[in-house]
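**Q** First to last, the sequence lines map onto chains A and B. First residue of the first sequence: 2, per the numbering used here; consecutive thereafter. First residue of the second sequence: 1322, per the numbering used here; consecutive thereafter.
One or more of the hints may lead you astray.
Far from chain A, some chain B residues (derived; all Cβ distances over 12 angstroms) [unchecked claim]:
| no. | residue |
| --- | --- |
| 1 | Thr1422 |
| 2 | Glu1732 |
| 3 | Val1851 |
Subject to a maximum C-alpha distance of 30 angstroms in a straight line, what follows is the list of computed DSS-like cross-link-like pairs (lysine-lysine) [to be verified]:
| no. | chain 1 | residue 1 | chain 2 | residue 2 |
| --- | --- | --- | --- | --- |
| 4 | B | Lys1342 | A | Lys160 |
| 5 | B | Lys1801 | A | Lys63 |
| 6 | B | Lys1374 | A | Lys12 |
| 7 | A | Lys85 | B | Lys1466 |
| 8 | B | Lys1349 | A | Lys115 |
| 9 | B | Lys1345 | A | Lys169 |
| 10 | A | Lys63 | B | Lys1466 |
| 11 | A | Lys90 | B | Lys1333 |
| 12 | A | Lys115 | A | Lys85 |
| 13 | A | Lys115 | B | Lys1342 |
| 14 | A | Lys268 | B | Lys1374 |
| 15 | A | Lys30 | B | Lys1370 |
| 16 | B | Lys1426 | A | Lys72 |
| 17 | A | Lys169 | B | Lys1424 |
| 18 | B | Lys1374 | A | Lys169 |
| 19 | B | Lys1414 | A | Lys169 |
| 20 | A | Lys249 | A | Lys63 |
Keep in mind that the hints were calculated from the coordinates and are not lab data. Quick caveat, the model's predicted, so the values are computed rather than measured. Virtual Cβ for every residue (Gly too), placed ideally from N, Cα, C.
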Amino acid sequence: MCNMSATKPIKVYLQNDKPLIWSSTDAVKIREEWRIVGCLIGCLPRLPRQNNHLGLPLQLSKEEVTLLLEKGAILLLNDATGLKEPSEKEREEFIEYREASYQSQVDLFRAERKKEIYQNMANIIEGKKAKAQKEEKKDSSEATEPSEKEEDFSIDVDKVPIPPIPRKFSLVQIFTESPYRLDQEIPAEWSHPESKQEQLRYHVYRDLWNQGFFLSNGSKFGGDFLVYPGDPSRYHSHYIVICIPHDKPMSALDIVRMGRLGSNVRKTVLMCSQDCNQRISYISLQWSGIS
Amino acid sequence: KKKHEHILSYEKILCEEELFKHRKPYDKTVPQRGGDKDFSPDDSWLQAKRLEKFYEERKTVLAEPRVERIGSLVTGEWNPDIQLVELHKEMGKFWSTMGFTDKSKKWLYPEEALFLMETNTLEVWYKGLPVSIQQAYTEFLKNLKFEEYLVYAHLRRIGYVVLRHNGRLLSTKYERMIKLDKHINLKKRKMKMKQQSVFVENVQQDSTPQKKVRLGNSTDSVENCPVEMQVDRDTVTTGGLSRENGKSCSQGSYQLSQRDRLNKDECFRTICKESWNKKEGKINQSEDIHFSRNKQTNVERKTDSEYLNEGENSKQTKCSEWNFEDIRFLDIGVPGDIQLKGGISQKYLPKGIPPLSCEKIDKEQLKQKQKSQRRKETEIRYGQDLDTMDLNFSCDVSQPVKKVSASNWKEYKERLLESLEHNSFKSPVKHFWTDGVVPLIRPEEAINTFSVLKKLQVIPQWEGNSGVTSNTDTKKDFPKVSYDVYKPDAKFRKSSPGVPDHRVCIVRSEEDPPSLSSITSLYSYYDDEVPLHWAVVDDGEIAFYSFDNVSFPTQIFKG
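All chains should be built: construct the whole structure from the sequences, respecting the hints.
**A** Set out below in structure tokens:
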């Protein structure tokens, strides 16, 4: 069973009708604790120009949101992060924040530089000696005063003047998640599932989730969902779920079509429907030869 | 830690030490997708360990913040009224493929700005505070479909140059083949096209950038070229090209083009030019105008050409000093009797070339040469001289068919049927046509192999490029092409991007696939060889599909 943490519920923002998770801890929690896969849709900060691994936000499907709302795991919020004109005080606060950040960075960079000098002290001293010798050789024809052999080349790290870094080298954060405090969080209206097909899909989703599977989007394989025995990153999916209304007539051609689909990708096709007693019935299709 | 009077919630922001820690990206490895997977969970320690490692990696990678030096960030200001980002200064390489200039300011489209934010290039401000990506996802994508942004970002991440769709190409296939599109000034062509299909609407001469009209419009490319003509041509009279007349016809203003600003004066001139030409019954601008006609028109033409400002690549013909009726070339095309008349006098020829005169040409020699040339050609083609071949039909083919005349269609059809019966073809196989089962092909239809084979095709093949139907019903489900995609190229110029390498249409997976009629109208509307892709978006996952025309070859058998 999953370990449901009773601390803060996960916040899901409904933006332009898409449910998105912006916090990285929430994105982690929703997978590890709630077995919800979702889909990452943003650029990855570490390596933005590739499509193999995307980053936040995490987009949830409609069935996932409905399930999580039922379990009380998430708070679905209306998008109140819209742009408002900030007050003069708020602008000042931000400027102060940036200024303070810059000043502390100056100190940090300075400390870093001192550390570097200290680490490379030996090299620096050698370099200075070599330089002095070169100059001696140059001046040896002119000056005949005996040079001191033991010149003190040591450097006192604390006394080295290190200029503060220019402002353009100071670091700032581009905010992924909105850093601005929200006055109030308005819960959003959620009306899924509405149509019969959506209801069927949702009931099938919930039933399979309750049995401990991981479920993800199935459109790449021509079905409604893909069913994984464990985390999708570690296991291949075993089933392709196709939701069919219970009393819909099917022809043999439909069966063959689904069978071919499954056998080509080595997965079992699950035809799922809901009977009049609200129970989900599953019929699996597997290709077998006539022996 | 949260201070209630403050705007920033500090728990969500990195402190300076953390910022400093992230100043250099140490690790650029990305957890691999796929890789070797196990079949099913077996509660082994190894599997648990692998899973744990995956979760750890994922946590680290997702939690990584976006930290950049101020010096390497471009800043911009979000303008919500026009939904654009104003760039303060450009930097880096993105300006060559993104954004546009208007009123000496640099602007970025919202999807471009959002993408640059996500790739740590741009910082967008709004009235003194920086905009976070979460807020941008709401604000910037108000007029854009969410799926459109996802596809835009997907394509840009892998390196393509993606621009908003700019309508179909203005140059024709032939022009592209002879590379004329690179020489003709397409601006003029655009204006000319606009006159033929003008969408008159009110233009607000306000301070918003010109491109706004394209953005705010929910019209798709089809509505850019309706067939209605709304410019009142009759307001321009032949006589005076007065300013007043011109003003009345330029009152209808035009839908603004995307990349050039339609100068009111320019369009006034071109309308007057066009309508004047049409009124006089003269041919179009691109053709020569006979000089020797009406002297009056010459005078008017001069004032016209003086008045109109001609650009470098103007199609307006300049007055010609040559009298083309004086210049006669030899007509040696007709075999047999060579018409020898005329010559070219010295004044038309450049220096050093003697004048061409026909008297010096040896007629007989020319005739002989032509004959032998023709003989050689037929020998090559047919293996023997045509004169020695017996090309007669075994029966008499050429029969004079009496002309049928009638006073109305009904009568004509009747009489035609009668005459067909009378002029029955005297063929040696006449008995074929007396039976119930008749041959498929009549001898008169046997012109070439193709026409014969066409008869054999019981189900005719549908030609994809059968012309655009101006049926208004098809306009409703005409799929909207969202983007023109170009391969990354150093020679790419935003001002003239050229022929796109791909076009993309975006649909959601819940929507139905396009109907055959909409696909056909799409393919005939874009009559170039640019592949059209359909991006199907399903809750974040994108897959590309395309429809290709397949033509079955007609087999031709010998003998």
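**Q** Against this structure, judge whether each hint is valid.
**A** Structure-based check of all given hints:
no.	hint	in the structure
1	Thr1422	holds, 25 angstroms
2	Glu1732	holds, 56 angstroms
3	Val1851	holds, 23 angstroms
4	Lys1342(B) <-> Lys160(A)	holds, 25 angstroms
5	Lys1801(B) <-> Lys63(A)	holds, 26 angstroms
6	Lys1374(B) <-> Lys12(A)	holds, 26 angstroms
7	Lys85(A) <-> Lys1466(B)	holds, 23 angstroms
8	Lys1349(B) <-> Lys115(A)	holds, 28 angstroms
9	Lys1345(B) <-> Lys169(A)	holds, 15 angstroms
10	Lys63(A) <-> Lys1466(B)	holds, 18 angstroms
11	Lys90(A) <-> Lys1333(B)	holds, 20 angstroms
12	Lys115(A) <-> Lys85(A)	violated, 44 angstroms
13	Lys115(A) <-> Lys1342(B)	holds, 16 angstroms
14	Lys268(A) <-> Lys1374(B)	holds, 27 angstroms
15	Lys30(A) <-> Lys1370(B)	holds, 18 angstroms
16	Lys1426(B) <-> Lys72(A)	violated, 51 angstroms
17	Lys169(A) <-> Lys1424(B)	holds, 29 angstroms
18	Lys1374(B) <-> Lys169(A)	violated, 38 angstroms
19	Lys1414(B) <-> Lys169(A)	holds, 19 angstroms
20	Lys249(A) <-> Lys63(A)	holds, 24 angstroms
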